[in-house]
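One line per chain: the protein sequences are A and B, in this order.
Each residue of the first sequence is one higher than the last, beginning at 1 in my numbering.
Each residue of the second sequence is one higher than the last, beginning at 1 in my numbering.
Simulated from the structure, these hints should not be mistaken for lab results.
Backbone N, C-alpha and C fix where the C-beta goes; we use that ideal spot for every residue, glycine too.
Be aware that one or more of the hints could be misleading.
Claimed, not checked - According to the in silico footprint, chain B covers these stretches of chain A (three or more CB under 8 Å from chain B):
1. 227 to 233
2. 240 to 252
Said to hold, decoys possible - Chain B is faced by these chain A residues, among others (derived, beta-carbon under 8 Å):
3. Tyr97
4. Pro190
5. Glu217
6. Leu222
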Amino acid sequence: MNETQSAFDSDFLKQLEYLYIVSKKIFAGRIKAERRSTRRGVSVEFADYRNYTAGDDFRYIDWNAFARLDELLLKLYEEREDLHIYFLVDASESMTYGELPKLIYAKRVAAALAYIGLSNLDRIGITAFNTTDKSRLPVERGKGKIFTVLNFLDQIEASGETDLEQAFHNFIHMTKRRGLVVLISDLFDPKGFTAGLNMLKFQKHDLFVVHIIDEKEAEPNLLGDYHLVDVETNELRPVTINESHIKRYQDLFKKYCDDLDRYCTQREISLVRTMTKTPFDELILRIFRMGGFVT
Amino acid sequence: MNFLSPASLFLFGLAIPIIALYILKLRRRREPVSTLMFWEQLFKERQTTSLFQRLKHLLSLLLQLLFLALLVLAVARPQFAFITKSARQLILIVDRSASMNAVLNFDPESPETESRLDSAKETALQIVQGLRFMDEMSVISCHTRPIIHTPFTRHQKTIREAIESIEPTDIKTDLKPAIDLALAVAQTKPNPEIIILSDFQKISEETLADFQNIQSENANPDDDNQEQKRNIKLHLLQIGEENDNVGITQFRVRKSIVNAFDYETLLSVINTSDEEKKCSVELYFNESLFDVRPYTLSPGEIKTEIFSNFTFEGGELKAVLDIEDALKTDNVAYATLPIRESITVLLVTEENPFLRNALAVDEKINLTVATPTEYEANTQDFEVVIFDRYSPTSLGDGNFMFIYPPNSDTPPNIGTDDSVATWKIGEEIETPIITEWERTHPILQHVQLENVLIGKAYAVTPPPTSKILVRSFEAPVVFVDVTPKRKIVFAAINILESDLPLRIAFPVIMANTITWFVQGDKIEEYHLLTGEVLRYKFDAQEIEAVKNKLPQDETVENPQMTVKITGPDDETWDIPIDNDELLFDQTQLAGFYALTLTDATTEENTDTDENIEEENTTDDNGFKKLWAINLASETEASINAIDGIEELVTETELISGSSFFRFPPWIYLVFLAVILSVVEWFMYQRRKID
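Chain A extracted, bound-state conformation (with noise of 0.2 Å):
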């Protein structure tokens, strides 16, 4: 683990300008241009039709279709909203674990996903949560806050445990407008995820979770005796540790990600999972392919 090494580089910012790039190609194919609104409001995109009441703006009544069908319809257009996204970096000690430590990764991630967000007029805030410290970066807009954004990522240090739970809780009374929750993290909460994302959902926020784990976790190449120390609470565990063992390891973290996946289908929740392994511009690449991060 090296703590010092720092997220962001000067070959990073050029990866950032570069996924902006290929993501609105990507977007260009898919959903044409920036966010719509479920409102409806004033804007040049026809929504809907709907039947005439009183007190309504005669300048909307559509008056082709009143000369066709002799009743009065008003038309209806979307309303254009800029879109809160909210990053939520898990930043508990569990984070540094990995020859690249997944709080790096993390940071890259959400550094990428932010670039992008603010140079589509997006609100950026970004929260990292654990149990010792929460430290928030209010909301921002414009491309020009970058930099904000990516200050406050460089300064994130990992300490504490994971509790989904209250981080959302609190992140949950810190913000009144609802909008894209990103979720940065590794989710390895003894108390389990589903708690804090179902409070994030309940919220009615759109929610995006980016899983985060290392390839050791994965597939632990320990063989024989050991004291494993947890790295949150450092607390010891003498095992001895056989090939089946190992197995059935893999087997619980296989079912633990499969519950996670299965979760997150039922709930309407994106969710992609990478290991540090992978690069993170690749990552980016994926998220954009599957649509999640942009609703």
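Following the hints, put chain B in place on chain A, whose structure we already have.
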């Protein structure tokens, strides 16, 4: 259970450091993980009780202690009584007679050369492979007599070497002595088993009965000997299958019947197969072909032929059967033709034309005639001296014939040897009639003495050591007296007053007598059968030649006299001479055996070419004796098993493979320890044990 090395049990003390080391706690490596929740879940599922953990821990210790126990027991070399009691004492008899040289599965088209003996040895080695570790085995080979290659031993390497050392011979078969020896030895052992590996082509009825008695469970229980034999297990393993064979059963040289100075050769060939065989006999003299005779032999036929009128002498005669069959040994036979040397004969007589002419007719006789006066004046060495109507006053060593010597009360003074018998001449007999004569004696062979008219004779009293050859009603007429240094033929008839000189018998008798004096039966002595003992008595001149070849070492008082015998495969033996006599019993292979003098000066440094050259050019004074050794056995030529043996030949479990108790217990203990260590390693790797 006993231990051969009980002191080794103190090694059990090694358990103490093992236990002590085991009590020490294992230091675990620290490994940080991002979360323990999966590990907790994992080990919660497989949560073992502390008791099981302790048992698991204990199992590892127990495995190691068991490993130690097995090794210590192995070092202590345990012995189990039940194994010792069940140990067998096996006597392995391998037939190595001439018929065992037959090709195992003879096929004229196949180049296979594995002999029955090779197969027997291979089978014997398989039996050794299956021995239990406490079993003892003795290896005996046999032809006409048994040879113990190794006494009872458990050392399998020694047994294998003994089996490997069994060499083929050309000697005929006689299993009886070997079986008698094996039975005698077996009866002193608790669990004896006799294994006979043979082609069983010749077994006496007595031996066959012995086999049946041993194998029969209905042996007479009252017979103690039979009871003992019943405890002996007998395994008859037949080697080889039925094969065709044509062989020479006789090849001998003898004096010609019609001419005492010529040779005749008798050759017999037998066809032991069930079909007609065509072959030719090639006769070689000194490796030069001089005669070929085609033979057609019907099944079982023996063809005999006599060859005579040889123009050559003094060399090697060989008969070769030109036929491909299973047994090649009996396709060749050997004989020697001695050199027909001139015989110096002195006839001491006033005048006897009959005698002179009878002796002069043979070109091989170098005759000298002298009057008694001349004889007394100048005594020379002659091989044969014939006294006609004369008796010298003294007589030395040699060959003498007395014909009607003067009537004297005392025979000639024959020196100081008191053991020499004397004769006594009695009254004169008028016209004696010959009543009987020894027709088989060499002197009287091919002689007819019926109705011989004799004018005068003596009533002679021969010495007790003499042998009477011709007898009349009144007294012996002709007798011979043979002592170690002298041969005497005494004829008590006056041949000048007899019609004997006018008969054909007379020159024959004289020729026979001269031959008997000089050569006697020596030609027979140079023809032996394989396995017979070669004997040769050296005369004084030959002994002197042997002594001249001895190394001139003054520090040795009586150096051992040795001569060299060269066998058919150019194998040589240095044989000592005892009492001027040579005894050689290594006549195991058919062929020529040459006796020459040992050259001591070259024998010490035979490695250099110079010395070899010197040896080849050593002057042995022409001393060389040649013996022809032949198989020449009609029974050996029949190489198929005798009738009745197949019922006794049984498949035996002896060659079925190795038994469980092939090795001593300590090897099994070590084997178990190795297996245990593998199990322990596997379990440790699988974390079944700590």
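* List in ascending order the numbers of the hints, as given earlier, that are violated by the structure. => none
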